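Novice: Spelled out, the chains give:
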Amino acid sequence: MTNRETGADVAIDCYDVSLTYSAKSGAPIEALQRVSFRIDPHRVTAVIGPSGCGKSTLLQIIRGLLRPSAGEVRFVDAQTGATAPTSPRMATVWQSFNLFPWRTVGENVGFGLEVRGAPRNERAERVRRSLAQVDLAGFESKYPRQLSGGMRQRVGLARALVMEPEILLLDEPFGALDAQTRLVLQEQLARLVERSGTTAVLVTHSIEEAILLADTVLVMTARPGRIAAKINVDLPRPRSMATTHLSGYSSLFDQIYGLLRDEVVKAMVIETESA
Amino acid sequence: MLNERPSMPAAVERAKSGFVYNFMHKLGEPRVLGWISVAFVLIMWEVVVAAAHLNPIYLPRPTHILIALVKMFQTGGLLSDLLATLGRIFGGFAISLVIGTLLGIWMATSERVSAIADNFIAALYPLPKVTLIPLLIIWLGTGGPFMLTISALGAIFPIVINTVLGIRQCDSGLILAARDLGATNRQIISMVLLPSAVPSIFAGVRLGIGVSIILVVAAEMVVGKVGLGARLYLAGQILETEQVFAVLIVLAVLGVAVTKVQDLIDVWLSQWRLS
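Sequence lines, in order, name chains A and B.
In this text, residue positions in the first sequence follow numbering that gives the first Met the number 0: the first is 0, and each later residue adds one.
In this text, residue positions in the second sequence follow numbering that gives the first Met the number 0: the first is 0, and each later residue adds one.
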């Protein structure tokens with residue numbers, strides 16, 4: 000989505016981002032090591048890597064919820080390369096949904112508007128539209144505990160979309176769902192993102208998900224996380240499960256799997272040593 | 000019935016619909032059984048005391064206690080005693096709810112405040128609060144301020160401790176989600192931390208009100224001129240055993256009423272819990 004105020008297309012530039020934190024024992028742990036990349040506007044970029052490689056951490060750094068130990072994230076005008084005057088609107092969808100259990104679905108989706116002081120009428124209207132986008136029209140007064148996992152995550156998605164984000168951050172959004180729900184939601188998300196033209200960063204464990212949703216896949220190494228490769232996905236859209244039968248799909252899958260396999264083994268060794 | 004020699008199932012069927020069967024069946028229900036045993040004890044009490052001509056100074060008959068109770072309400076001013084006691088309990092409780100919750104929030108969100116308050120709480124919490132009555136009388140006299148203070152002292156510690164506990168147990172994912180949606184620190188406290196701590200705070204309230212009731216009645220027994228405790232003590236002094244029992248009944252009913260209201264609030268609070 001283009002910046003409403005400036006009309007500029009905002010790209011995300013990560014320069015040499017490193018993050019080191021101290022473990023409980025006091026020993027420093029290097030989560031991210033000099034990570035640099037550019038995320039283009041109106042594109043879906045998937046970040047894939049073994050567990051513990053710092054990909055979710057990277058997302059929080061982009062969002063500004065975590066400060067990197069070194070390096071920086073810049074939001075720049077994609078045409079001119081100038082730093083954007085204001086930071087873009089961003090919203091995150093979380094693996095564990097992070098819905099407020101004491102708030103109804105409507106109150107959850109309206110949370111971001113409420114803290115910004117949007118008037119009640121406007122809030123209700125935007126919440127209604129946002130819930131309709133994820134096929135949950137009329138669910139305003141339900142509580143999250145009354146919904147299935149897949150429905151909860153659609154509420155999570157509506158809560159992010161209602162903010163009309165220029166950049167949508169997806170932190171393993173389907174990681175906590177069963178395989179079938181996941182397939183259906185992947186397709187829905189693909190359509191939503193294609194339609195809105197928003198810039199999206201998707202952190203995932205799933206190669207299939209990365210290929211089906213993304214224009215670009217960033218493959219990360221085991222800890223300390225670095226970018227191992229940047230792969231363009233030039234499969235036709237709209238994509239669906241049928242896409243997985245294309246020959247282009249399997250060669251991409253093999254390429255990413257080949258890169259990931261060694262890193263996953265390394266991550267397992269790290270986990271064993273630190274356990 | 001026996002002459003007709005009906006088949007067994009038919010006999011069982013008829014017996015099941017019979018009055019005696021129904022009655023016996025209802026007797027076996029736990030709730031009914033509970034009330035019947037109360038009635039049984041009261042009747043036995045009445046019969047034994049009447050038959051044995053026991054001195055009513057030691058053990059008055061339940062019917063006489065009931066008559067004394069009604070008289071005390073009609074002409075003896077027991078209602079104003081009850082209202083005085085209720086005012087002290089809930090007045091002090093309201094003070095401790097406000098101060099306790101605020102202090103709890105402050106402690107949970109500031110390590111320094113927590114470090115300062117921790118030792119004082121650790122010293123005062125296990126102290127039986129009745130032992131503070133003499134000191135408080137020296138400082139405050141025996142009037143309203145003393146009664147409100149002793150009542151508040153009873154409830155404040157469980158409320159503070161449970162508020163801190165509830166806020167510290169708040170899912171960090173919810174805080175991240177709120178921050179992502181643009182909430183300020185103040186909004187995170189009022190819209191995330193506090194609501195998520197409500198069940199825990201209420202658990203503290205449950206403990207606190209019980210202690211407040213004990214302390215107010217005890218304080219009234221020591222120094223009160225009005226109030227249920229004062230009435231109880233006075234009746235005991237002049238050997239009005241029927242009135243002693245009457246006040247005990249009022250106190251028991253008060254305890255049951257408070258418990259029932261808390262159960263209702265508990266049901267309402269269940270919406271706070273995510274299944």
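The hints are simulated quantities; they were obtained by calculation from the structure and are not laboratory data.
Keep in mind it's a predicted model, so treat the numbers as computed, not measured.
Glycine is no exception: its CB is placed at the ideal position from the N, C-alpha and C atoms.
Check the hints yourself; a few may be wrong.
Each pair of labels, with its calculated beta carbon distance range [claimed, not checked]:
no., chain 1, residue 1, chain 2, residue 2, range
1, B, W267, A, G196, 33 to 39 Å
2, A, E121, B, V255, 57 to 63 Å
3, A, E121, B, T141, 53 to 59 Å
4, A, Q179, B, A38, 57 to 63 Å
5, A, M267, B, T258, 39 to 45 Å
6, A, T79, B, V266, 55 to 61 Å
7, B, F119, A, Q187, 51 to 57 Å
8, A, A69, B, L101, 37 to 43 Å
According to the in silico footprint, chain A covers these stretches of chain B (three or more CB under 8 Å from chain A) [unchecked claim]:
no., stretch
9, 166-180
10, 219-226
Novice: Now tell me if each hint is right for this structure.
Specialist: Results of checking the hints against the structure:
1. W267/B to G196/A: 33 to 39 Å: violated, 44 Å
2. E121/A to V255/B: 57 to 63 Å: violated, 48 Å
3. E121/A to T141/B: 53 to 59 Å: holds, 58 Å
4. Q179/A to A38/B: 57 to 63 Å: holds, 59 Å
5. M267/A to T258/B: 39 to 45 Å: violated, 54 Å
6. T79/A to V266/B: 55 to 61 Å: holds, 60 Å
7. F119/B to Q187/A: 51 to 57 Å: Holds: the Cβ-Cβ distance is about 55 Å, inside 51 to 57 Å.
8. A69/A to L101/B: 37 to 43 Å: holds, 40 Å
9. 166-180: Our answer is that it holds, as 9 residues pass the Cβ test (under 8 Å) against chain A, meeting three.
10. 219-226: violated (count 0)
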